[in-house]
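Visitor: In case you want the letters, here they are:
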Amino acid sequence: MKSNRWQLPDLGLGIGLRTRHFTHILSEQPELGFFEILTENFLDTGGRPSFFLDRIAEHYPIVMHGVSMSVGSSDPVDRDYVAKVKALAERTGALWVSDHVCWTGVLGRNTHDLLPLPYTEESLRHTVAKVREIQDLLERPLVLENPSTYLEFVPSAMPEWEFVARLAEEADCGLLFDVNNVYVSAFNHGFDPVAYIDAIPAERVCQYHLAGHMHKGTHILDTHNDHVVDPVWELYGHTIRQVGLRATLLEWDADIPEFEVVHREVLKAGRWREREAAHAA
Amino acid sequence: MPRDAVRNVPDLAGIQRWMQAVIVHPGGVEEALAAPEAASELAAERLGELIRPSHSLSPAERVEIYHGMYLMRMVEALETDYPTVRHFLGEEAFEELVREYVERFPSRSYTLNRLGDHLPRFFLEEPEREHSAFLHDLARTELAITEAFDAEETPILGPDGAQAVPPEAWPGARLAPIAALRLLELRHAVVPHLEAAKRGRPAPAPRRRATWLAVYRRDYSVLRLELGRTEFTLLKSLADGTPLGEAVAAAARQLRSTQREQTIFGWFRGWIAEGLFQSVTIDEVSTDDQ
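Chains as they are written, first to last, in our numbering: chain H, 1 to 281; chain L, 1 to 290.
Looking at chain H on its own, in the form it has when it is part of the complex:
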């Protein structure tokens, strides 16, 4: 199977590191390939979260996933923020640093939402330039996640998958491919999720995300508060066939259950991986 451009390792199965599970993880040392941390939760705290992160990082590989890089914002790069992200990456030995293809605010404000971009040549050019600047500051490639979105812009001149693929190539960055987000956006905007998957440059993909969502009838919200639905599992299988095996994270960020529930969910991904690997052999 194909690997990624930077030979970043396939870490296997991972879960997001959440306060509720800290004690269990240290005492039980569950069988997992890695933990993903929410970058912003660990940038400015010297207390309990920091203590547990340091202990857990001694036993497991860590990857970082942020929500404030705002690569598509017309505001300039927040260099202080990037410096803090870099420092945290060095402290934890994080194998990669990721964020989203989105913007979160302008005029110095932060809405703390992952807001959609118009897929135009202007926004592509702008985002490529910002990602390159951020990567120079980080001194490593940035890994960007395809967003889940709830509206589309009339001026968009290309589909999202083309924007994401061109961004990755022109900025020379990595991709965190969120299979649930493809499913959510495909429903919300009426496109074929398989077409999205088939258009993604495999060598750019460093990690996968899987998650649950909330179906509202008229639209789906990316809520990360439930099990992964069957159609998303099917798309995950197709993604592995198209792109290859990659570190796979199960996102469960709201209504967080006991650790074992989340663990059982991510182990399902393991069965899909085994199946697809056997098929490819």
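Think of the hints as simulated: they come from the structure by calculation, not from any bench. Remember, it's a predicted structure, so these values are computed and weren't measured experimentally. Please note that the accuracy of each hint is not assured.
Claimed, not checked - Chain L side only, calculated, beta carbon under 7 angstroms to chain H, not exhaustive:
{"no.": "1", "residue": "L57"}
{"no.": "2", "residue": "R73"}
{"no.": "3", "residue": "T111"}
{"no.": "4", "residue": "A151"}
As the list claims (entries may be wrong) - For the chain H half of the interface with chain L, some residues (derived, Cβ under 8 angstroms), not all of them:
{"no.": "5", "residue": "E40"}
{"no.": "6", "residue": "F51"}
{"no.": "7", "residue": "R109"}
{"no.": "8", "residue": "N110"}
{"no.": "9", "residue": "S123"}
{"no.": "10", "residue": "G190"}
For glycine and all other residues, C-beta sits at the position ideal for the given N, C-alpha and C.
Given chain H's structure and the hints, the job is docking chain L onto it.
Guide: Same frame as chain H, now just chain L:
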């Protein structure tokens, strides 16, 4: 879509200013679209030139998804840092408070953890709000708890470190507090409210009562001590860097002569046991309890 219409839509920066203005507007989405901040970028009636309808939602309904999520996210963040304020006000009044607060103090940080930093000031600057003085005290207390939680970890001066200081050096010694210590002088009783919120009991009525609290972190848990006036004044004086002899002399003048030494010694023993200090400095030489 006619080319003319597409040509006149805002550029990337204009689209983002427009969308942000709509999302953060405190009113409903129709009001937000028509408000000057958004309408200056794109007139409300031209929404269809910028946002596509979906198979099931109009352009305004699609924008409304983001608009609705903004306040919900702000409420969730402030509920986390101010659970007792939330408990006291109730769900509806708290949501209204958040709406007003974020309009005045929108987030300018990469983290939502800093969103609530100005809530005490918000109450202080709105004296006409019902219970504003009490809410100011309550918000200060909860902010102190958050700050103690997030403070950097510093070493603790234990009994051995304190006893290593020669007696003749004590008058000129200065004690440095741990980074996670916060001292609060309040005009209202807040502890009954903290307890009620924690146990899910109804919030009591606000009561004016001079209250002195030490909020601190030990073993990564945030704790609090309720102190008397003189003990608080001494502790604060030491935490501010006053030499021990001077601070103790001032405290002693507030105490009965028969109990002075015993009382003050008891306070010190308690503070050291709780790990409130990180070091003692004697004539420019720092002694840490390693």
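Visitor: How about N110 of chain H: closest beta carbon in chain L under 8 angstroms, or not?
Guide: 5 angstroms, holds
Visitor: Does the interface hint hold: is F51 of chain H within less than 8 angstroms of chain L, judged Cβ to Cβ?
Guide: Since the shortest Cβ distance to chain L is 6 angstroms, the answer is holds.
Visitor: Given a cut of 7 angstroms on the nearest C-beta pair, is the interface hint for A151 of chain L held or broken against chain H?
Guide: 6 angstroms, holds
Visitor: Measuring from the C-beta of S123 of chain H to each C-beta in chain L, is the shortest one below 8 angstroms?
Guide: Where the cut-off is 8 angstroms and the nearest Cβ of chain L is about 5 angstroms from S123 of chain H, the hint holds.
Visitor: Against chain L, with CB atoms and a cut of 8 angstroms, does the hint on E40 of chain H hold up?
Guide: Where the cut-off is 8 angstroms and the nearest Cβ of chain L is about 5 angstroms from E40 of chain H, the hint holds.
Visitor: Let's test the interface hint: is any C-beta of chain L closer than 8 angstroms to that of R109 of chain H?
Guide: Because about 5 angstroms separates R109 of chain H from the closest Cβ in chain L, which is inside the 8 angstroms limit, the hint holds.
Visitor: Given a cut of 7 angstroms on the nearest C-beta pair, is the interface hint for R73 of chain L held or broken against chain H?
Guide: Since chain H brings a Cβ to about 6 angstroms from R73 of chain L, closer than 7 angstroms, the hint holds.
Visitor: T111 of chain L was flagged as interface toward chain H. Is the shortest Cβ-Cβ separation under 7 angstroms?
Guide: 5 angstroms, holds
Visitor: Holds or violated: is there a CB of chain H closer than 7 angstroms to the CB of L57 of chain L?
Guide: At about 5 angstroms, which falls below the 7 angstroms cut-off, the nearest Cβ of chain H leaves the hint on L57 of chain L intact, so it holds.
Visitor: Does G190 of chain H pass the interface hint, meaning its C-beta sits closer than 8 angstroms to a C-beta of chain L?
Guide: Since the shortest Cβ distance to chain L is 5 angstroms, the answer is holds.
Checked against the numbered hints listed earlier, the structure breaks none of them; every hint is satisfied.
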